[in-house]
Each structure stands twice: as C-alpha cells, then as structure tokens.
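*Asks:* Here is how the chains run, residue by residue.
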Amino acid sequence: MTDQQWEVLKKVVGGEAVKPLPVGFIVDCPWLPNWYGVTILDYFSNDGVWFDANLKAISDFPDVMFLPGFWSEFGMCTEPSAFGARCTFPSDEFPFAHKIIASVDDIDLLTIPDPRTDGLLPFMLNRLRLAQPRIEEAGHTIRFAVARGPLNIASYLMGSTELLTAMMMQPEKVQRLLTTITSFLKGWLGLQRETFPSIDGIFLLDDIIGFLGKEEFRSFGLPFFKELFTTDVSIRFLHNDAPCRVSAPFLPEMNVNLFNMGFDITLAELKELTGDRVALLGNIPPRDVLAGIDKTKIVDAAGKMVNSLQNTTKVVFSCGGGMPPGVRSENIRLFIDAVRK
Amino acid sequence: MNELVETIGRCVERGKINKASPFPGDMKGLDGADELTHQALEAGTDAEAILQACIAAMVRIGEKFGRNEVFVPEMLMAAKAMKAVTEHLKPFFQSGSVQAKGTFIIGTVAGDLHDIGKNLVSMFVEGNGWNVVDLGVDVKPEKFIDAIRKQPKCVVGLSALLTTTIVSMSKTVQEIRALFPSINIVVGGAPLTMEIAKEMGANGYARDPQGAVRWLAAIREAS
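Going line by line, the protein sequences match chains A and B. Okay, so the first sequence: first residue is 1 according to this note's numbering, each after it adds one. Okay, so the second sequence: first residue is 1 according to this note's numbering, each after it adds one.
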C-alpha cells in the first residue's frame, strides 16, 4: 500500500469522513493469476511472476487499496505446511493441505512450528524480503502481517467436521489445539513484524468462526482472536465471509477495527451489530455481481450499497469476501465509478 | 407414540449419541440414541416407527438451524446421533421392512476439502431414509461418474465451500450431464445461489441440509 492509502485507511478506521469514498479489495491467488494471465502454479513458484502480477494490479488501479498488498502466500497451504501437512499444488487449481490429525489424541503430539524454518513460511517471508526494494521503488510499503486464523488452521489440520464435533465431545483437546496454533501464530506474526518494521497492521482470515454458535464462539474463538489482535498496530483486520451475525457483536472485544464480511448481511446491519465501532470492508456479491457479465448489476449493487448507509464513514467499499476469480478490469472500474458517483 | 421411541427422537434432536458421550451436558451419563434404539428393537418396537420419530427429530433440529437457534456443531451432533440409530436399523433396511427412498450420491467437488456442508447434508438425507453414498472430499468428476454408473437411478449432490471451487463444480456438473443427461443434480455450498446453480446446469440448489431433504422429497414426489 502507498503511504497515502495507509493514511486513508487509518482515517476510515478512525471514523473520519474520506473523499473520494474509499474502495479496496482483498486480492490474492484466487484472482491475481487468472487476471494476470498466468497459471496458479506459475504464480506461486515464480517470484518474478508473483511480483509482476501484483505490480500490474497496483499500477492499473492506483486509486484502489489492495489488501494486504503484495501478499506473499501459498493459498490455504501456507500455515498448515509449517505443521507438516502434505500440500497439493495442481497446476492451475488452488492448492490445499491434507489433514495431519487423525484423532483428537494426536493433538497432544503437535509441537509449535518454528516460522523461521518450517514448511513454506521461510519461502513466503524470503520472497517478500527479496521483493521489498522493488515494492518500495513502486511507492508501496509492506504494512500487514498476515495469517489464516486459528480456527481455520485447526480445520485444515484435523478436518472441519472433526474439529466442530470435537468442540462438543472433547472441548479440552480443542482448547489445547487452539492454544498451540495461537502460540505459533503469535510467533509467525511477530516474525513478519520483526522482518518488516514498516508493518503496522495484522490481517487474519478465518471463516470457521461463521459456523459457531455464541457459546462455542466464546470458548473457542473469542479468547484466541483477542490474544492475537491485542497488539500495538494501527489496523487489526479480520476476514470472515461465512455467517457473522453471532460473532459480529464481539468484534470490538476481539480488538478488531476493520472487518471484511460475506454478502449475506447488509453493512447497515453490521454497523448496528458492532455499535459502529468497527470499520467495514464490503460487500456487494463477489461472484454473481462483481465477476458477472451484467454491468448494470454492478452499478446497481454499488449504488444501492452506498445509498443504504446513513453515513459512509467507517466503510471501505468492496465486495463481500476477497476478490473472486474472473473479475475483469472493466468490472472493477465500473464498481469504483459507481461508488464515487 | 411409545415413550422409548419419543426419547430416541429427543436424543437425536439433542445430539446425544450414546451413554459415553458427554454432550449435551444435561444428558451426561444417560443412555443415548445408540443404547435406546437397541433396547427399543429388543423390546419389539417397529423399526419404521423409530425411523419416523428420528426423521421428525431431524426436521425439528433443521428448523431450529434455519432460525439460528442452533449452529453447525449441534447439527453435526444430531446427525451423528441419527447415524447411531440408523446403524441399528440397517438390517431392517436390508430386509425390506423399511424401504429406502432412493440413492443419493454426494461429494465435495475437486479442489475443495471442506466437508461440513457435505457431511451435514449426507447425514440429514440418510436420516431421512435415503441410501447415501458419500464419496468424500476433493472428488473428481470421474469418481462421481463411476459411482453413478453403479447406481444409474440415483440423485447426485455436489458440495463446495470455496468460491474458488465453483469452476470445478460447474465442470463436474457438465461432465456428469454429458453422460447422464436426465440425472437429477442438486448443488449447495456457501458461495452458491439458485442463479449460479441454474447457470451451471444443476436441477436444484439447497441452501441448507433441510433444503436438500425438501428438494429430494419434491423430486421423488414428481417422479
């Protein structure tokens, strides 16, 4: 992100009115490789291609905040790889990690990975470190430490059904698993901050939150996210595009100050659920509308979203969730124009 | 309805699998669906009556889910309790005294390892009296096709959680459709809508497990 974009984002989070209305998107491997015209495997395995794709995005849309910006990642494999999960990388499909916990008793055998050396993390960090001079040459600064959230990682390590039923059957084991993962995440986020002192934001992505009821969220979500987000950075950003009505009221307590949600809830309802204490990044339908072929739908959805708000402070206009595959440049431009009209 | 059958239904609704299960807390130490079904069958209770009570229980928990009164973990526990019951009822299915409504082949499409939605639908549909063939996660189109060849009158369910795997789901529908033009396919998952389902050529879209059960009932009635 440019310094100016970062300042704008901080103003939005602080509740200041910003003109023109801010537009931002979470961009990563689901969108960038296809948009740039390369395979997903090339995007992951060729640092030059990864850099150029990101550079083209920021050059084509200088007035859009791309979050987190130059995200060095390996899709859903990034953090599970550090725990030893087998990772599958099809040539032009999204990678995925295989389970490593066959039964809850295996949780006791897990050790906390070293983010300096384990799995894909050194590759991820070193790619970003090597690219840092060129990123800065392009006028951008590395601002976010990024990771999947503890529930999301747990679901990859043991399977989502197994994780959710274990919460009911052996809650103490799940607590132990989440404690281990949270310790790892603190180290991983800390290492990113140590490597790039310009980092002033934390970005966690976790859609397993959306499957929990209030009581489960209080036990298995809230304390861990709170621990991770209780830190001295300006932006504490959470993505959960699964249902969020249960967890949204807890966002301020989690110390989240920027939230990206799905499209099944209105910004107005979220403002109410959070007491307007959390800035929102969202939320027209990503696939049906933003990636669709009907241009009027994009303009209508963007206009409706802006007009639905009594005041437009504390909002970065975007789609619900991250930028989906297949969104063309012209659709993004239409969206920007419609928001700012 | 006999009291034991009612209690089995209550165990299913509350997700009380067996005596050893600590969930739900207020039923800890009590017999669960497993033990009570065994006792009921031993006492000569009609298997069909047990099944119907459990189907009603699954409908109730599904409705609570629809009203956000319970969430996915409770649904999974109810489905597991239902599975404990159907394990006891299997011999009655096989003997023909309890008739399966049809065969439902389900899987999470290639490239997606999420199994929550798929498992919930699978367990609810099975609990509703269907024979379910669960192909698991990351299922390639060929695997669906092989399974359909073995059960040509089946209904197919495709699940996906990731927005990114919609492409894979669409490809799976097309490949199945090319070989089995008249087969019924229902799709479901967080990134889907009825519109996307139609675009990819599916016959139906289910928003939640109860929706899948309703859709299956409707197509069964229509056929």
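Careful, some of the hints might be misleading.
Quick list of in silico lysine-lysine cross-link-like pairs, BS3-like style, CA-CA up to 27 angstroms [to be verified]: (1) B:28 with A:173; (2) B:153 with A:99; (3) A:99 with B:28; (4) B:171 with B:140; (5) B:198 with A:295; (6) B:83 with A:214.
Keep in mind that the hints were calculated from the coordinates and are not lab data.
*Asks:* Given the hinted pair residue 28 (chain B) and residue 173 (chain A), is their alpha-carbon gap at most 27 angstroms?
*Replies:* Measuring from Cα to Cα gives roughly 18 angstroms; hence the hint holds.
*Asks:* Given the proposed pairing of residue 198 (chain B) with residue 295 (chain A), does the C-alpha separation stay at or below 27 angstroms?
*Replies:* Roughly 20 angstroms separates the two Cα atoms, so the pair holds.
*Asks:* Would you check the hint for residue 99 (chain A) and residue 28 (chain B), treating anything up to 27 angstroms between C-alpha atoms as holding?
*Replies:* violated, 30 angstroms
*Asks:* Regarding the pair residue 171 (chain B) and residue 140 (chain B), is the alpha-carbon distance no greater than 27 angstroms?
*Replies:* holds, 10 angstroms
*Asks:* Decide if the proposed pair is consistent with the structure: residue 83 (chain B) and residue 214 (chain A), CA atoms, cutoff 27 angstroms inclusive.
*Replies:* OK: residue 83 (chain B) and residue 214 (chain A) at ~26 angstroms, within 27 angstroms.
*Asks:* Are residue 153 (chain B) and residue 99 (chain A) close enough, with their CA atoms no more than 27 angstroms apart?
*Replies:* Violated, at about 34 angstroms.
Hint check: violations occur at hints 2 and 3; the rest are consistent with the structure.
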